[in-house]
Every structure is written in structure tokens, then in C-alpha cells.
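Below are the chains, spelled out letter by letter.
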Amino acid sequence: MQLTMALAGNPNAGKTTLFNQLTGARQHVGNYPGITVDHKEGQLHHNQRKIILTDLPGTYSMTAYTAEELVTRDYLIKERPQVVINIVDASNLERNLYLTVQLLELGVPLVIALNMIDVAQDRGIDVKAKVLGKLLGVPVVPIIARSGHGKKELLDTLLHVAEEQKDWIPRDISYGDDLDTTLKELEAEILSAKLFADTYPPRYIAIKYLENDDQILAKGKEDDAVTAEKLERRVEQTASHIHQTLDVYPEAIIADHRYGYIKSIIRQGVVTHKFDTDRLYTSDKIDKVLTNRLVGPVIMLCILFVLYQFTFSWSEAPVVWLDAIFGWLSGFIEKTLPDGLLKSMIISGIIDGVGGVIGFVPLIMFMFFGIAILEDSGYLARVAFMMDRIFRVFGLHGSSVMPFIVSGGIAGGCAVPGVMATRTLRSPKERMATLLTVPFMNCGAKLPVIALLIGAFFNDNQAQYMFLFTMLSWVVALLVAKFLRTTVLRGAPTPFVMELPPYRFPTLKGLLIHTWERTYQYIKKAGTIILGISILLWALMTFPGLPEDQVALYEQQRQTTLEKSSPEIISEIGSEPKQLSEPAMVLSQQLSHINNLKMEASLRHSIAGKIGTSMEPVSKLAGFDWRTDIAIIGGFAAKEVIVSTLGTAYSMGKDSIDKKESLGQRLKNDPNWNRVVAVSVLIFIMFYAPCFVTVVCIAKESSWSWAFFSIGFNTVFAFIFSVAVYQIGMFLGLG
Amino acid sequence: MPLINLRRMEKKQSGIIRSVKVSGELGRRIREMGLVPGTEITIQGRAPLNDPVALRVMGGTLTLRNNEADYIVVEIKNS
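So the protein lines, in turn, are chains A and B. Per the numbering used here, the first sequence starts with residue 1, numbered consecutively. Per the numbering used here, the second sequence starts with residue 1001, numbered consecutively.
Worth flagging that the hints you see were computed from the coordinates, not collected in a lab. These numbers come from a predicted model, not from an experiment. Backbone N, C-alpha and C fix where the C-beta goes; we use that ideal spot for every residue, glycine too.
Which stretches of chain A does chain B cover? Using the computed rule of at least three CB atoms under 8 Å from a CB of chain B, they are:
(1) 85-96
(2) 290-297
(3) 382-390
Chain A extracted, bound-state conformation (with noise of 0.2 Å):
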């Protein structure tokens, strides 16, 4: 029979490390239904038992505030794991104890693995295992997770747990007088009512009644009416005599005790100290650089932009061999299959599709790669203290600024790995407000797009001009930010209690373990998400297609210009020569030209440029005709179809087929086009809805009902501030 156990613990005790090295690749991630937690199952054998582990969200405590520590309380309650691993890191072991003595009071069959007793020893601190073991009732065994010191015991601990079958029993620590009377009181009213009787001790119930506990007293209130009645009127006399007379709340009083509890056995021998314990530590060497408040800015961005090179350029040469993969596969299909629809599906929809998601992976794996070593170093935690005060105005976390320059912050970033960046930030809202507004940024594929207008229109002044746009996509976002923190997302700011772990050197094998992770997670959850919209698009694109009778014209058209020319010519395009003959060039350009035409017709025939078209009455209000509609809705496929979208458009109408026009002189000769106009649209490619692969990953990382939101606010949000450019601009004869 396989046995269930489970690990739990505080964040930065090494709980990740130990569950890497019981269970090595053996392992996958779930999500917690309806909650973006994370949830990793992994398998190993010892002994010839199965053990099937499960790694818990790393928590301080148990009570209803986050996510995390829900999960951690509810998987606990209804899995009933066998063995409860509780790994505590021996160099901060009051704290790490403050959840220990909570997993008692539940009544886990519990198991404590002792973790960093090296780093301990290197700071003078002795923890007896033994001693804290005899103290708290339950086995004790020292590791260092890192090196698998310790493993084997640990190991043989559990089994010799899991065979005894001990039936859970919760540990009573008392809360001084008052409490403890009003604890025996509720114990005794839970216990004769039956509430929650299936699940958790009566004593554990009236603990989490005292400490208010949201979660406990709805479904308190929910089973049965009553009792939960009676239970809140008795604790609210308690509280209100205690705040009479002490002045504090219960849940403080709770808290002390728990402190007061862990204080007296860890006096009992349990830690020496072989040295002064105001000695610096190596760590805090580093913090006095780090940390600086004049050196450590200065270093901060340098590292990030480090970061943002590594991401960027590094993942350059792998998004090019994929271009080229994807590119040679086209060009397969096209010269293998027959004209038509199924090959205008295949390369359009699946292989662009394909290619699509796939082209983000070396992204998304660089960029976690390098936020994982900023992470595990410890580094992470450190910029969010510096640049908490900056983004705490907008409403926003300090950890908000990584998320922030990796979807452009520093112009080409790309929003995907943005938003899946936005998992290292543990506030709740603060984390959907920075999830909504990292889109606004300019990523890489908004680029071309803007190098294209403003190289057009305000070519004198191209570099300030850019730096511009770069400092109004940060100014949108944050103010966005914190008007949707005072209105959707309103609330208070989540306490900045954080901990600033020591710097420590991440391991390769974590390392490359969380860059898998979240690849394979990209690759899986959104990528078949994104091939259905990618050939949604395509087939907007494409449907309903030209009319025959227009089909007829332009094959009449290239008829009658193939005619006009000598066989010889037509002959020497066909044999495909690497170069051609003057009038040979003319010809193929001739015939290139009809063909734009003809793309440009089906393109304004098909359903997608039927929406633009009859788009034009509301968007001409901020200047933008039809073409520039039709590129804009390709632009949700990704930005990166503007321009191609944008010179397909602009292809009709041009006689003078031998004037080689670039599309940037194209639009500056156009009389629907201006400086305010290039203007409006640029600021509504910047700001409308992201493009379709960002969409996905919002949804991932929150839910659809959001990701629907970021399409319909950004979109109305940028077409308002279009409007808003256009009509000023043209009143004051910007333009």
C-alpha cells in the first residue's frame, strides 16, 4: 500500500530543496481548483514503500488571510496525509516553531526535519535535536537539504510514523486563565453541538472562534446556526472583557502564548549559543553593499538590466533557429500542397500558431531562469525593499518592478513572460493590479510599429521621440494602476511584513527544475488555447474570400500583363534565376503588385475587414480609416501583424507600380494620415487590448472573467485617449 504524506513549512526554510531531493524529477505540478496555487505531487520508494508526497505552499501560519495558507489547512483536513514533514530551518527556529506548534494543535502525525543545521553551526547556533524533540513529543531529525544530509533518517522516521498509525492528536497549549476558561467553554458547546465534528478538534475550532477566523466561522454559521450563534456571543464577551481590562485583542493574547510556549522549550537547553549573536553574518556583509541606500540603486538596476540582456539577447539566437524551423516548414508546405484553402490553414493558422507559442518558450525559459537565481539567491526580496516605497503610491508592491521591466519597461521586453513574472509577488491585489497594467508596456513586437510612425512623421527627432513614448507607456501604466486599486481592485494595501532571507547560492538542479516547470506549464495550459485562437484569426482573415467575378478580374489583369510581355521574360521569371533582367524585374514587380492587390481585396472582403470597415464611422472620431482598423484587429493576434497587416491595407489604390514606395512614405503621403493621427494611433497600438497570447496567460495566472476585463478596459481606455489626442491635436492644427 502506498502511504500519503505531505511537507509543510515556513518560505526560505528549504522546503523546495528537500522536496527536490526526496523525490528528484519524479514530480508534477497541479493547480489547486479555482486558485492559482501551486501544488506539486512527486512519487519516491524507500524501503519498498510508495510514498506519494505532496509539497504545501510555504506558510508562517495557519489561518485564513491568504490562499496559501488556506490550501495548507484544507488539504490537511480533507487528505488526512499519513505523515505530516514539518521542515524547519535550524537558524531561525523560534519562528519557523510558531507553525509547528500549530500543525500540533491540528493533531498531525508530525515529523520535524531540522533543515540548515550547517549554516546554524556556521553562526554558532547548536540546536539539539534530540532535547526539542523529547520537548515538543514528537521525532526530530537534522538535515541539510541541499547536500541530502540526513535523508536516510529522515526517511526511516517517516515509515516507522506512518506504520505506527497513531490517530491524530491535537496538542493543548495553554492561552492563560481567561482564555483557557472561555476555551473550555466553546470546547464543550462545539463538542455536545457536534460541529465540525468529522474534521477538525473541538479545541482547534475554538481556538480559530477566538482568533476570528473568517474561513471557520462561515462554515461554522452555515452547519448549524445555533451553536454558531451562541459561540460568536461568547466570544465577543471574552474579547470585550479582555480589551477592557488589557487592552489587547485575543488573537494577540493567542499569539503571545504560542511565542511565550516556543520560548520556554527552546530555554530548556535546546539552543547554545557559541558566540555573541549581534556578530555580523556574511549575509548581512553583503546587505550593508547591497542594501545601500546610495550604491544599492545603483547596483539594483544594473543587475536587473543584466537580467533583461540575459532574457533578451541570450534567448535571441534560439527564437531565430524556431523562425527558421517554422519558416522552413511554410516553405515546405508551400511548394509541396496545391493552392488553397487547407494550405492557407496549415501555414497561417497551425504552423504560424504553433509557431507562435513555441517561439515564446526560449523567453519564457531565459527569463525564468534568471528571475529563479534572483529568487533563490535571495536578491528578489531585496529589490522589493528598496522599490516597495516608489510603488506602494500607485498602489502597487515593490516586487511589482520585475514584472514591470520584463514586459518593456525597457522598451522590447515582451508581456507573456511579464505576466507569468507576476507570480513572485505574494499580495493578492496588488498582484492583479500589476497582472492589468504590465500589457501596457512597450514590448518587442510594438516596436516595429512605433519605428515605423515615428520614423514616418517626426524623423528629425526619432531618438527623444522614443524615449518619450518608453516614459508614457510607464506613466499609463502606474497611473492605471492605481485607478484600478482605488476602484476594482480597492483595498487596503497588504502588510509589507516580509522576510529578508539570507543570500544563499542557488543550486543548478532547482534551478533548472523551476525553469521546466514553468515552460512545460506555458506549453500545456496555454498553448492549446492559443492554436484555437490562432486559426480563429486566420479564418477571419480569410472567410468568406473574394467573389469569383473578382477573382476573374485579376486573373484577367495578370493575363493581359503576361501578354504584353516577350515569352522569353516570362520563361526567365519561371526558371527563377538569381538574378533578373531589367525588364524581367519590371514584370515581376508588375505581377507582385496585382497579387497585393488581389490580398488587399480579399483582406477588405473578408470578415475581419468587414468589421473594420464598418468600424470607420466610430474610429475616424480618433482619426484612424478603415486600413488602419483591419491592422488594428490583426494586431490582437499579435502586435507583429500591424505592419504586414498595415502594408497589405495601404497596397490598394497606387498606380505607379515602378515608385517603390516604403509603407512609411506610403502613409506620410496619404491625406487620412498626419502627425496627429500617427500620434492617436500609436497611443492606441500602445494601450488597446493585449495581444491574444498575453490574453491566455492573464486567464492562467487569474481567471478569464479578468482576462475579458484587460481586453474591454484597455481597449475602451486606449480608444478614449486616442480620441482625446486626435480631437485636441486637430483643433489646435497639430496636424
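Following the hints, put chain B in place on chain A, whose structure we already have.
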């Protein structure tokens, strides 16, 4: 020994927490990290813009925003 607000403490200054007067999520967060009456803390430093503040508590380092530190009263050791 003088009692002062944690926000007013200077770098390197140490003291013992005497009271934490806040309930709800912030109160719980502060307490679960070990900031309870009787705990000794030392100010390790402040962020570039003077906020948040970093403290040494029980061998670890914690950060708090100034407006969160306001709820904590500390008895200064070596003033």
C-alpha cells in the same frame, strides 16, 4: 527605559517590543513573524527612500513599512 514608537528608532538601535496594538490581517502578519511583546529587535537599516525599515528579529531579518511600524511600541535598550 524610554518607550518609543518603532518608526522613530534609528539604525543600529536595539530594544524590546512592549506592545503591538493592531488586529486583523496586519496584526496577525506582524505577530506570526515573531514581533510579539518581549521580543528583542535591532534596526538593521532603511530602504533608499527611508521606508520600509529592516529589522533583526530572532536571528532573521524582517521588513516593515513605516506606517506598519507605527503600531509597535519598543522599550529602547541602549539609547
